[in-house]
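Undergrad: Chain residues, written in single-letter form:
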Amino acid sequence: MGDKKQDELQMIPVYIMGKKYDVPAELTIMKAMEYAGYQLIRGCGCRGGVCGACATVYRKAGDYKIYTGLACQTVAEPEMYLAQLPFYPANRATYKFDEIEAQAETIFALYPELFRCVACNACTKVCPMDVQVMDYIAELKRGDIEKAAKTSFDCIQCGLCASRCMGELPQYHIAQLARRLAGGKLAPRSEHMAEIVRQINDGAFDKWIADLKAMDQDQLKEVYSNREMEPHMGDENWRPKENRGLVS
Amino acid sequence: MKLAYYPGCTLKTKARNLEDSALAALKALSIEVKELDRWNCCGAVFSLADDDLIHHIAPVRNLIRAQEEGCEGILTLCSQCYNTLARAHNLMIDDEEKRDTINRFMDEEPDYKGEVQVIHYLTYLRDHVGWDALREKVKTPLRDLRVAPFYGCSLLRPDDVAIEKDPTILEEFLSALGAQTVSLTEARECCGSYQSLANPDAEQQRLGKIFGAVNRSGANAIALSCPMCEYNLGRQQHQLLEQNANLTATPTYYFTQLLAVALGIEAGVCHFDLNGKPAFELLKEKSYIVSAAS
Numbered sequence: 036m037g038d039k040k041q042d043e044l045q046m047i048p049v050y051i052m053g054k055k056y057d058v059p060a061e062l063t064i065m066k067a068m069e070y071a072g073y074q075l076i077r078g079c080g081c082r083g084g085v086c087g088a089c090a091t092v093y094r095k096a097g098d099y100k101i102y103t104g105l106a107c108q109t110v111a112e113p114e115m116y117l118a119q120l121p122f123y124p125a126n127r128a129t130y131k132f133d134e135i136e137a138q139a140e141t142i143f144a145l146y147p148e149l150f151r152c153v154a155c156n157a158c159t160k161v162c163p164m165d166v167q168v169m170d171y172i173a174e175l176k177r178g179d180i181e182k183a184a185k186t187s188f189d190c191i192q193c194g195l196c197a198s199r200c201m202g203e204l205p206q207y208h209i210a211q212l213a214r215r216l217a218g219g220k221l222a223p224r225s226e227h228m229a230e231i232v233r234q235i236n237d238g239a240f241d242k243w244i245a246d247l248k249a250m251d252q253d254q255l256k257e258v259y260s261n262r263e264m265e266p267h268m269g270d271e272n273w274r275p276k277e278n279r280g281l282v283s
Numbered sequence: 074m075k076l077a078y079y080p081g082c083t084l085k086t087k088a089r090n091l092e093d094s095a096l097a098a099l100k101a102l103s104i105e106v107k108e109l110d111r112w113n114c115c116g117a118v119f120s121l122a123d124d125d126l127i128h129h130i131a132p133v134r135n136l137i138r139a140q141e142e143g144c145e146g147i148l149t150l151c152s153q154c155y156n157t158l159a160r161a162h163n164l165m166i167d168d169e170e171k172r173d174t175i176n177r178f179m180d181e182e183p184d185y186k187g188e189v190q191v192i193h194y195l196t197y198l199r200d201h202v203g204w205d206a207l208r209e210k211v212k213t214p215l216r217d218l219r220v221a222p223f224y225g226c227s228l229l230r231p232d233d234v235a236i237e238k239d240p241t242i243l244e245e246f247l248s249a250l251g252a253q254t255v256s257l258t259e260a261r262e263c264c265g266s267y268q269s270l271a272n273p274d275a276e277q278q279r280l281g282k283i284f285g286a287v288n289r290s291g292a293n294a295i296a297l298s299c300p301m302c303e304y305n306l307g308r309q310q311h312q313l314l315e316q317n318a319n320l321t322a323t324p325t326y327y328f329t330q331l332l333a334v335a336l337g338i339e340a341g342v343c344h345f346d347l348n349g350k351p352a353f354e355l356l357k358e359k360s361y362i363v364s365a366a367s
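Just so you know, the protein sequences line up as chains V and L, in that order. Under my numbering, residues 36 to 283 are what the first sequence spells out, in order. Under my numbering, residues 74 to 367 are what the second sequence spells out, in order.
Read the hints as simulated data drawn from the structure, not as lab findings. Each hint should be verified, as a subset may be incorrect.
What the hints assert, rightly or not - Below, simulated DSS-like cross-link-like pairs (lysine-lysine); rule was C-alpha separation at most 30 Å, straight line: (1) L/K107 to V/K185; (2) V/K220 to L/K87; (3) L/K87 to V/K185; (4) V/K160 to L/K85; (5) L/K87 to V/K131; (6) V/K160 to L/K171; (7) V/K182 to L/K75; (8) V/K95 to L/K171.
Bound conformation, chain L alone:
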């Protein structure tokens, strides 16, 4: 299957640590992907209003771009891009009337009828590399990491775009990297999303619940795939800790950063500076870091 790689806007700015580590890991696994020549923002949030079709134009246009480049699949990394693209794709298959309206509006583009499969990086690793093969490629098993995988919403809901129904994919992935994993019910819940701006009190309560569970599980790291979750659980974590003395700091990583580290890729590619100092310190303390100089 010819794949088009769709990065998403955030990966080009605030989440370079997600993109660069992911691409370096693919290269180390001898997988070549090509970024779409032309692409636009996916829209970030799938519009739920029944008569609001204009906000489906952006994701569908990206699917058309992949189709134009002769690709049968579009590979995504960011959970929100995955969710938005996959749901737009399903809409174009399931709802003939809306499909026709959308296609007619985009009269400068070829019609889209659902020709391009939307694939998340994790699913791609599972199906095209396989956990056993991945395990063999690992140079630095992450044995002393006890990782809580955080799925959040976008990879799991709604059902028809869930990367797995009762997800164990992140656990299996992390096990292949040699890490211990802890599965938490709270890790399948919402991170609070944009409530961190609109309703900070509710956001803090939610994060308190998540970190309570993470702390009780004895996890010393959190793995995630969504820049929004990373913002709430990672960058904003200090706020939560300032208000809750009983909670312990727990570094957050994009799953691709842990992948790159386990594959023995030079740490500079992972931009750990964007995760905050403790994230890098923990991996260094465990002697997992390969630096360019050494």
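If we strip away everything but chain V, and leave its shape as in the complex, we get:
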């Protein structure tokens, strides 16, 4: 809103759960709702477009399409009819990760409803992150776990896909299983990670942490303010001068 006074603001009408409110233009849906008097407890999380808590469904007058967005990211438009969908029930299978294998049959057994997909694509159409939801379901039906993990990578688990599915699939939970299997059992192990964990366990950084712990608040502030940062335009050959935290 900047320095403008409220009476200078252009106001737009929006319909929140069917009731009309005039809200300042250029607000996000979330701020428009708060302006209208809603106090958001559920359906509101990071306010940064990554947590998936504020899925919103809206329509525009005279348009048959269903629109979706994250309330914290989507700017309110005049004549928008909207509602929050903070949670949509979707069954999540339980499993012991150590006991399951990264195979098609694992997913088929835990989520047999996978095969109820009729490729209607309603899931993809409502995804606020533009994930090709139907495509990853198709990939899982043919057992391609790695591809499905990549296709679903931008999923923020908002659940809108599940709300629209005529096959009643919990797509986002199935995709999460695929990403866990791909990351935990199919992707190559990162050996430098194992090495740094070993060094941590061997106490390589204990003194460094102890020194930090011994500082008072002002010293900590100074160390923090003067910390070495990667330059914005730094190329791949950039190396920090402070290298105590690197694998030796």
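Knowing the structure of chain V, use the given hints to seat chain L on it.
TA: Frame of chain V, contents of chain L only:
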């Protein structure tokens, strides 16, 4: 004609022996095909209810994907995918009203008006390679195999998607590989399909009839192109034999596995482990197997 290759889901899991042997054979024949970048399950069974259009969405979407990649044809291997895609394609040509409804429902996709021809691998071999040319490429003629080709339903019915009206295509194909063939009326009948789960007794009766005919013909192998037929005739064969002492075991092969073997392709590609031990043993006994190590 630019072709898109459509594998189908089963070929990526339980029927790898169908896909890998088929692709290796195409490579050996210097034919390049590219799998569609994006594809979904064909739906497996073409819906017959007149007002059930939603189940035609999946096959039509695949045809649209092929069209998007600038392809005029879609090449299929699995009989059921072939059947479902071909019938959906025909529906979109023949029924203007349903075509419009389906196109309007898929408002995020370009319209489909029947631009992509659905082609089965066998037809493609016949029309683009030819039996004589194929015969010349054969390195290991399958002379001592007496093969009963099993067509099943999906390649033949209904008439408007039949790969041939009075089919001899599998016989001609197998002859080009050097094998002897036996043509059976029963090989043009249904394998029992999903009845193996819903109605096992009826399924056993049907299989009994098929294997009776196969045994009487003296065939020592069965060639087929459908993962469903393979399941009933191949993987479930042991059940039939346990209940019918008078029937003889007969290994089943995807036609593409016999093609790969005849072309001298290394046997590992054919995944004979998925067919069961006797299938591999028979080919080994006839000295047809080329292994990677040799």
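Undergrad: With reference to the structure, classify each hint as holding or not holding.
TA: Results of checking the hints against the structure:
no.: 1; hint: L/K107 to V/K185; result: 21 Å, holds
no.: 2; hint: V/K220 to L/K87; result: 21 Å, holds
no.: 3; hint: L/K87 to V/K185; result: 23 Å, holds
no.: 4; hint: V/K160 to L/K85; result: 27 Å, holds
no.: 5; hint: L/K87 to V/K131; result: 25 Å, holds
no.: 6; hint: V/K160 to L/K171; result: 22 Å, holds
no.: 7; hint: V/K182 to L/K75; result: 25 Å, holds
no.: 8; hint: V/K95 to L/K171; result: 29 Å, holds
The earlier numbered hints are all upheld by this structure, with none contradicted.
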